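Residue numbers (the UniProt record's numbering), protein chains in the order written: chain X, 1 to 94; chain W, 1 to 64; chain B, 1 to 250.
Note that these hints are calculated values from the structure, not bench results.
Since we're looking at a predicted model, the values are computed, not measured.
Ideal Cβ positions, reconstructed from N, Cα and C, are used throughout, including at glycine.
There could be a bad hint or two in this list.
Which residues of chain X face chain B? A few of them, derived with a C-beta cut under 7 Å, are [stated by the list, open to error]:
1. N26
2. G51
3. G64
4. S65
5. I69
6. L72
7. R80
8. A83
9. F86
10. K87
List of simulated lysine-lysine pairs, DSS-like, C-alpha gap at most 30 Å [to be verified]:
11. K111(B) x K29(X)
12. K203(B) x K87(X)
13. K87(X) x K29(X)
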Amino acid sequence: MELRVTERTDEELSIEIAGEDHTFMNVLKGSLLEHEHINAATYDINPEQSGGQTDPILTLKTDGSIEPIDALEEAAGDIRTKAADFKSAFEAAA
Amino acid sequence: MMVPVRCFTCGTVVAEHWEEFEERAREGDEDPAEVLDDLGVDRFCCRRMLVSHTDLVDVVSPYQ
Amino acid sequence: MASDYDVEFVERTEREARILVRGITPAFANGIRRAMVADVPTLAIDTVRFIENSSVMFDEQLGLRLGLVPLTTPTPEEFGDDDVVTLSIDVEGPATAYSGDLVSSEPDLVKPADENVPIIQLKDDQRLEAEAEAVYDHGKNHAKHQGGVAVGYRHLQRVTVDGDLPEFEEEESQIVRGVIEDDGELIPTSEFGHDLTERYPGKDVTVEDVPNAFVFHVETDGSFAVEELVTRAVDSIDDRAAELEDAVQL
């Protein structure tokens with residue numbers, strides 16, 4: 001997973017996440033939108049055949065009380081918690 | 001020629017059931033639908049794989 | 001973040017299951033589904049060396065057939081990610097070569113999941129002798145590495161009876177598929193022919209989706225059990241989240 005920041009301000013961040021597809025990006029976006037200090041989050045993927053930029057670009061906007069990159073880190077942490085919770089709930093049922 | 005190993009659409013292994021299907025529904029006189037239900041081939045994508053297949057090995061073997 | 005999942009098996013066999021998960025967001029549910037289809041690696045034959053093939057099919061055709069045979073797949077921890085397993089087959093006609101004729105170099109860990117898949121029918125004096133190498137890869141790259149087949153989910157649907165139908169109204173069949181919830185009881189729709197009028201004759205019913213409750217239909221090709229597929233899919237998402245966490249810190 002290689003990251004490349006394409007745009008960055010105090011409230012906004014655009015970052016390319018190489019090698020990922022909708023599987024992870026949509027989970028990440030969903031998790032970002034649940035974050036209380038994030039006002040907007042989206043990602044864009046071009047089809048493989050389009051040529052040019054085909055890696056997803058994640059864009060997020062915060063309310064200013066948190067660095068966008070920290071919010072991204074927290075969202076990744078939230079996914080890990082979710083995954084761990086799901087796994088323990090699943091194993092309890094299995 | 002030989003029965004496809006997996007269903008083209010969903011990827012279930014259908015060849016596993018081919019010989020029993022052939023024996024019961026083609027050579028035997030059982031209802032193909034019932035045989036497929038019995039074998040657990042439920043989806044219509046997998047059912048067409050078996051229903052529409054013909055073995056051609058006997059037809060081509062003289063020409064090898 | 002408080003995520004409170006509630007998992008329940010509705011139907012369950014070794015290779016197929018319906019699993020109800022409550023409290024899951026659509027994004028996460030879809031992530032797990034996609035991971036099950038494309039991101040859980042399985043072993044499959046990828047290279048074949050033909051020593052003798054005098055059958056009616058070309059080497060390439062047989063190579064594809066061998067590749068599509070599902071192999072039991074141990075966890076990559078038990079078995080190095082880059083390791084290869086050698087499987088050999090040697091059948092002389094008149095006979096049919098089956099997937100069960102594949103002899104594995106690791107018979108305890110890796111063997112064909114189905115034994116009755118006909119590879120090729122051999123006539124008199126025809127022979128198939130080959131050595132194949134199985135490797136780990138993802139469903140993204142080739143369908144033969146796809147551990148989950150026909151994996152999907154639907155909303156859990158809640159059915160409530162509103163009352164009786166007017167006396168002379170003609171009953172129209174009402175088809176639902178998946179699993180319904182009636183007063184806390186879970187019923188797969190296959191139990192009543194997917195038709196609500198079979199279960200509630202003469203009743204007026206409403207059907208609504210239960211928010212954030214999804215019923216997964218999970219089926220594997222035999223590479224591993226259903227539970228294994230789900231846990232490995234969740235692990236793959238977790239791995240990527242961990243990787244992102246690390247990458248962001250730099």
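Hint consistency between K203(B) and K87(X) [alpha-carbon to alpha-carbon, up to 30 Å]: violated, 40 Å
Status of the hint placing F86(X) at chain B (closest C-beta pair under 7 Å): holds, 5 Å
G51(X) as chain B interface residue, shortest Cβ-Cβ below 7 Å: This interface hint is violated because 20 Å lies over the 7 Å limit.
Interface restraint verdict for R80(X) against chain B (beta-carbon cut-off 7 Å): R80(X) check passes; min Cβ-Cβ to chain B is 5 Å, inside 7 Å.
Chain B contact restraint for G64(X) - C-beta distance below 7 Å: Not OK, violated: G64(X) not within 7 Å of chain B, min 19 Å.
Hint check: 7 Å Cβ-Cβ cutoff, S65(X) to chain B: Violated, because the Cβ-Cβ distance from S65(X) to chain B comes to roughly 18 Å (cut-off 7 Å).
Restraint check, 7 Å cut-off on beta carbons, for A83(X) near chain B: holds, 4 Å
Given hint K29(X) paired with K87(X) - CA-CA distance at most 30 Å: Distance of about 21 Å is within 30 Å: holds.
Given hint K87(X) near chain B, where the shortest CB pair must fall under 7 Å: With a minimum Cβ separation of about 5 Å from chain B (threshold 7 Å), the hint on K87(X) holds.
Per-residue hint verdict: I69(X), partner chain B, C-beta under 7 Å: Given a least distance of 6 Å, the restraint on I69(X) holds.
Hinted pair K111(B) and K29(X), Cα distance within 30 Å: Not satisfied, since the Cα-Cα distance of roughly 40 Å exceeds 30 Å.
Hint validity - L72(X) Cβ closer than 7 Å to any chain B Cβ: holds, 6 Å
The structure fails hints 2, 3, 4, 11, 12 (numbered hints given earlier, in ascending order).
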